[in-house]
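Taken in order, these protein sequences are the chains called A and B. Using this note's numbering, the first residue of the first sequence is number 1, and each one after it goes up by one. Using this note's numbering, the first residue of the second sequence is number 1001, and each one after it goes up by one.
Bear in mind the hints are in silico, worked out from the structure with no lab data behind them. Source: prediction; values computed, not measured. Treat the hints with care, as some may be off.
Claimed, not checked - Mimicking SDA-like on lysine to any residue, the simulated pairs with C-alpha atoms at most 20 Å apart in a straight line are:
1) K1230/B - S1167/B
2) K1572/B - P181/A
3) K1550/B - V200/A
4) K93/A - T1564/B
Next come the chains, spelled out residue by residue.
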Amino acid sequence: MIKNLCTYLVFMLLWMYPITDIQAQDEPATESEFKDPVTKLWINTYGNIRIAKRFFWVAQTHFRFEETEETPFVGQVAQIYNRHAIGYIYSKKFNFSLGGVLRLNFNTDPSSPDRNLVPEWRIWHQYMFAMPLSNMMFYHRIRIEHRWTQDFAEGSKYDFRNRWRYMFKAKIPLNSATLAPKTFYVSPEAELIMQSGKPVVGSPFEDLRLHASFGYILTPRMTVAAGIMYSQGQTLSDGTVFKQNWTARLHLYFSPDFRKVKNKLPAIHLDD
Amino acid sequence: MNYFYRSDYFMSHNNLLYIWIIGIFLNIPLVTFSQEKDTFTGKYKIGKYIGEANYTYTFTENDTILDGMFQFQSSNLQALLEKKDTSFLIKGNFENNLPNGSWTFRFNSFQSNKKSKLEDYQYVVNVSGKQRVVNGEFIEGYPNGTWSYVVQEIIDSKVDKVTFKSSIEFEKGIPQKSFRIEDQDQELVGRFLRNGLAHDRWTLYSDQEVDEAEAWNFNEGVLERIRINKRGNSSEIIIFNDIQSQTKTITLDKRYLDILKLKLKPKETPEITNSSILMLLDQNDRYYKSIDTILSDINPVTFAPKFQVRVPYFPLNISEKKSIDSLEFWNQKSKKISADLQQDTQLAILKLSDKKVRLLLDSVDAISEKILDPIQKISAYKNDSILSFISRKEIVDKVWLEGIPTISGLKTEPKINISTQNKSNVFFEIEKLSKETLEYLVAIQKELDKKVSKQRREQKAIELEKKMISQLEYLAVVEKSFQKDTVPEIYVKTLGTIKENAQKKLNKYAALSDVDQKLEYAKELVVCFDALDNIGETIIKLPEQQNEIKEKYQDAVWNPFTATVMNEIVKKRITQAYEQILIPYFLQMVEQEISCDDSIIWIQTVYNTHQRMLEMREENTRKLERKLRREKDPLVILQLFQVSPNNKEQE
């Protein structure tokens, strides 16, 4: 397991190298072009539903809005996506999940004559590491997605790409010694998303997301958070053009446990 | 002769078979009795005697029946040579488990001079010490024929002197003819009738008197007179002369001596108690008793001289026995009261300053001496079983020389009157006196109690005050132990209120002037302060108990988003009702100056609530939680929690 993860990390570093290389070699484009930032609003629900001592069901639904000329942030629906997986709790400090995604992409180009809605399919797996440090928690997340996308044009074929994502995140309690109920916390987060695949020519750097959120733990089973995210990345068709986004994000985390009480109790501490 | 004839008749009719069968039946008992005897040889123990025994016996129906020779002895040469040997030899015969035939008992306590010599191939050691030798014969367990008991002093294996010797003749346990008992200085001879009754003249000869030193004259068991010669002076004491009443035959023993003492005038008593005849008889009794102690294990018949005498007999009727039981009962109660009064140190001091008290105590002393002690004597006669051998008049004369006293003028001035009249039912009269005396003593006790009670009450009040102060101080200690930063202010405040409450009560007590009122209130307050102390102790435990509940009502839950285990409070409505409604309610009750009576209920309710909280964590409380949703009334909550609430509050 660890060995595989190392391989992935090495792989990602190798992918990051060409970013700078491309910029140096591409003669015609002497400098990158940064598009104007687009404002967005994401409303994300994250469900982790415990189904067995070590298994949980990941059920996430994200509603993503995007500005229109008239309305910033929430002008139009951009994507709705459903992310599901079965997770396995290996220990308190490591868990992994495998599942699928169905994303509904809405055509946000008002001038486009193409289809308004196309589906996107993904298979994904992720590896989550948790590190306690003092009263804070740090997390490393590696997520790999295999995605099939298509254009809005009628009869478009599915393109296959891989996404390589690494996220580093912290949760720092503000009004309590630990992350406990009735605790406010701040959570800075940085995620690098790389991509590969036949359609990816000179644009492997898909996204860099810098996100800070402010959250409140209502109960061990319910947390809410809100934050702002800045992201940038190469457009797929032209690596010299960078898109930018400012996204307001609202998060709802819930983790119900429908197991009978007698089954729950021994599972809490896993193998402590 | 007839049988012979019949036998001939049978034989002549050739019925030999019948005769043979009858013969077999006749022979069965013979076969049974001719059981084989076994012999036992080995370690044996009778009472304190341990030694080697050798005896024959038969075994019938799981019982060992001694039959034939019996020998039991012990001697230790090693002990003799080193220090001293106490040896014995008991030798005789049994027949059907009863001593029968000739018996010898020998007890030695010898020391050796540690020198030995060889004589005819034997080492001979000289011994010195004491030897008791008893010889005689038994018939079916009873002493029979002449029994001699000799105590000798041995020096260098030779009899140096005989210190005691008795020789008594028996016929199946009953002393017969004459006996002789002597010690070094004197010799007693006497005789009996065939039925064992002492008869004629029993005479003691002493080396110090030319003539007989002492003589007891019996007439068919009745001791008529005693004559004593001392240094030429002779005196005579008449004992039972001209007996009018019925008589009873008893054994000449300690009881007989007690009866004699009652008969005698005071100045005659020493003559009897110092009687040399009695001394010799007593010594003889004790020697016989030493043999009886050994034999009592193996012989149902008591081994004793059993000299028989006759004494006047006055049997007690049922009503007399009842009276005696009653008078004993009253007298015991009276004695207790009089002893209490006489030993009361406060009264003893008060007597010095109060004339009335002195008068009353003097009368208690007089009653004790003139009524209680004499009645106690009658009780003692009863216990010694001599009450029915002495006339009623003699009893009264013996305990009250001047007749049965009566008590009069109880209420005004104590006075003991003596009535010389002879009453028909003496014991009934004494019972009456005994009861009246008790009533009188109770009256005296009451009067004296009144005298000392004021002083006692004051003393008691001082003791209670000390206790109250220490209880109050304890509250301060409790409060001090509690003033910590972690404890909410309300608890400290409530404890302060308790202290103030106690202080107020103490101030009220101090303002009282009447001693009786003060004492009553002090008694109340001591109980009350105890309750307040307990409330203090309970309050001090409350924060700790709340934490315990808080911890108990937590579940550890895994939060997958933070990857940490978090504690979650469960059954929130219950814990909130406890923390936010019940605890403030309990403290408020104390703040409102809880009454002493309610204190115990309060402590119990708080305790029960805590217990229920611990229990409810494990119970299914879904319904209860629903009911608690909007409930704010502490009494309803207590009811829902099934804690028995404060009764008074419920009214």
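To see whether the hints hold, each was checked on the structure:
no.	hint	result
1	K1230/B - S1167/B	26 Å, violated
2	K1572/B - P181/A	14 Å, holds
3	K1550/B - V200/A	58 Å, violated
4	K93/A - T1564/B	9 Å, holds
Hint check: violations occur at hints 1, 3; the rest are consistent with the structure.
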